[in-house]
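**Q** What follows is the residue order along each chain.
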Amino acid sequence: MCGHCGCGDTAGTTLLNLETGKEIAMDRGAHSHDHGHDAHDHHDHEHEHVHADGTRHSHAPHVHAAPAAEVVSLEARILAKNDALAVKNRAWFRGREILALNLMSAPGAGKTTLLERTIRDLSKRLTLSVIEGDQATANDGERIRAAGAAAVQVNTGSGCHLEADMVARGLQELRPGVGSVVMIENVGNLVCPALFDLGERAKVVILSVTEGDDKPLKYPHMFKAADLMILNKIDLLPHVDFDVARAIDRASQVNPDIAVLQLSARTGAGLDTWYDWLDHQIAAVREDAFA
Amino acid sequence: MHELGIARNIVTLVGEAANGRAVSRVTLEVGKLSGVMSDAIAFCFDVVAAGTALEGACLDVHEIEGRARCEACGEEFDTATLFTPCPCGSRRVVRLRGEELNIKSMQFKEAA
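Same order as they appear, the protein sequences are chains A and B. Under numbering that gives the first Met the number 0, the first residue of the first sequence is numbered 0, with each subsequent residue one higher. Under numbering that gives the first Met the number 0, the first residue of the second sequence is numbered 0, with each subsequent residue one higher.
It is worth saying that the hints were derived from the structure and are not from the lab. Do not take every clue at face value.
[What the hints assert, rightly or not] Residues of chain B clear of chain A, computed beta-carbon distances all greater than 12 angstroms:
| no. | residue |
| --- | --- |
| 1 | Ala-6 |
| 2 | Gly-73 |
| 3 | Glu-74 |
| 4 | Glu-75 |
| 5 | Cys-87 |
| 6 | Leu-95 |
[Unchecked claim] Computed from the model, here is a short list of chain A residues facing chain B with C-beta under 7 angstroms:
| no. | residue |
| --- | --- |
| 7 | Ala-75 |
| 8 | Arg-76 |
| 9 | Lys-223 |
| 10 | Gln-252 |
| 11 | Pro-255 |
Please read these numbers as outputs of a predicted model, since none were measured by experiment. C-beta: ideal position from N, C-alpha, C; glycine also.
Just chain B, same shape as in the assembly (with noise of 0.2 angstroms):
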């Protein structure tokens, strides 16, 4: 799956902003309608991370679960898919999380 993928551009885009100083542990934030398992990714990390900056790094993974807003109704409502209509029948929603993909942070292993 595409998650190989994603490992490998969390291991080059925190590399790169570690600037070759080794990192202890890098936060994601991973919604839930994303299409990425949070598990298949820390699955993947150790395998790519290793021999970089990151080997051996531990991978905090937020998950954030999908919410809507409904374009009929203006009701906000929790989603579990992206097909969920809104409770008031309407399937013309806008996503307002659940779709993230992000580095929130990275902890270097050392003070500078």
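This is chain A alone, in the form it adopts within the complex (with noise of 0.2 angstroms):
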């Protein structure tokens, strides 16, 4: 169990496919067998300790490695599997022309909204479907589904974000078409979601403006990673403090690339530019195809 956010591994991730209605758990993570080491007869001991060339040793009674032990080399990016199913997604969404999205926020700055508005405005011209994540319930799923697209529901259990096999899984049960757009609504949390790469073409991180401005410094590693801002309930902006331009700001202190825009999901100001950016994108997933 994880202590800073409450994220255990006691609770198990499933998908429900919003289509059917039907429900799979998904069996991730590390597995555990047997081992015939299990008759330990040695002075186990608890330590911390931090040596002078800054290496830490926290760890639980354990036996201390006879002199012959081998040590083996791994060099390994811990990531490492992660990032090759990303790979993958990445390059199934390439082949297929899709667009890829990975939206990300705190809870409650819009995501949902944001997509169901974008749903029911480009329905006409755009297929869209939908990787819900949440912790729990299928309520964005339902809302999704709702608007008129197809969506599934991953929840994570006690997760705080989405990876790439969950991803991968919803995939399989969607089944997006050639051509088509995939909103992958990541958990809302600025933390977690930013150091998993999903396979998607962006990530937007979506900042309302009933959050404070300073978001982007106090979360820099999502800010970073992120390719645009949205900066969403701006018909609120006359009833906050919200500074705009220092939020701007604060958001190229963290990555200088970082593409803003501003909009009300929900009174519709400043849509246009939204799906302006998304044309964009989509006119540059179809010349990427085949590059």
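With the hints in hand, could you dock these two chains into one complex?
**A** Shown next as structure tokens:
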């Protein structure tokens, strides 16, 4: 169990196909296997210390290695598995000329509302489908379906972000068509989702003006990873202390290349800029497919 | 936080490389700008390792300080955050170190 945000590995990840109502339990994570080393008879002890070179030890009771113990160099990236799966997802999208976007924000910034509105406005000219990530409930998936798009709901249980294998499994259920758009709505969280590549073409972070304009500096990994920042709920600007120029300046301190759009998914103000951005991305996807 | 997922990845990768042999020590390289807390990995590691070839293994974490090079003036400088500008004022910097998330090595409990 992780002490920082309460995510643990007790509750499993499930995937609900909202078209068929089929629920699938995902078997993921490290599998345990038995090995014949249970009968330890050593001097176990717990300790935590920091060496002069900065190396830290922090571990449960353990057995000191025998002098003959063999050290094997691994030189592996910890996220190699996720990244390899993300590469597969990306190739899958690319071959089908599908635009895949990873939408991230704090809970309540308006990801689902923006998607609902986008689906309703663009359904005549675009085929959109959605992979919804939440710790629990199919509420958002149902909202997306009601708006008129196919959706699968991934419930991460206690997990605080989506990973590439969950997206792959979602795609297997959704089977999005050639030239369509797949929106991956990540778990509401400005920390963990930044680290996990899902195979998307672009990462979009949504910051609502009811949050602080210092969020980009408080959560720099997220804003550094994002290609686009959407400032949502701009209809509420007269009622809040949010300083748009300051928020944009802070985002560009972390990420000088970040693009910024300002809109209100509720009133529709500024949505044309978001649709232009989407069209531009879709055109780029078509061009890249055979590049 | 994502450290649980990180710990799970470590246990899976090392477990596969160990191929059934018991592992007594795993050495990691974690950059201070990686967005991952060493303490939190260590906290999750013992839980995730339970019942695997890594059960009870010691986790050594080498933390790596952030270092960047300015794209404007070419200077290299130490950086403690993702948004520290170059002393020359430019924000266009390339991070050279500090974002590592690597498994360096593992040590087996007993000789083969």
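**Q** Compare the structure with each hint and give your call.
**A** Verification of the hints:
1. Non-interface status of Ala-6(B) relative to chain A is broken: a Cβ of that chain comes within 12 angstroms, the nearest being about 8 angstroms off.
2. Even its closest Cβ contact with chain A, about 17 angstroms, leaves Gly-73(B) beyond 12 angstroms, as expected for a residue assigned away from the interface.
3. With a least CB separation of 17 angstroms from chain A, Glu-74(B) remains clear of the 12 angstroms interface cut-off, as annotated.
4. Every CB of chain A lies more than 12 angstroms from the CB of Glu-75(B), the least distance being 19 angstroms, so the non-interface label holds.
5. With a cut of 12 angstroms on Cβ distances, Cys-87(B) stays outside the contact zone with chain A, its closest approach being about 14 angstroms.
6. At roughly 16 angstroms from the closest C-beta of chain A, the C-beta of Leu-95(B) stays outside 12 angstroms, upholding its exclusion from the interface.
7. A distance limit of 7 angstroms between C-beta atoms decides the matter here; for Ala-75(A) the minimum to chain B is near 5 angstroms, and the interface restraint holds.
8. Hint status for Arg-76(A) relative to chain B: holds, with the closest Cβ pair at about 6 angstroms, below 7 angstroms.
9. Hint status for Lys-223(A) relative to chain B: holds, with the closest Cβ pair at about 5 angstroms, below 7 angstroms.
10. Restraint check, Gln-252(A) versus chain B: the minimum CB separation of about 5 angstroms is within 7 angstroms; hint holds.
11. A cut of 7 angstroms between beta carbons decides the hint on Pro-255(A): the least distance to chain B is about 5 angstroms, and the hint holds.
Checked against the numbered hints above, the structure breaks only hint 1 and satisfies the rest.
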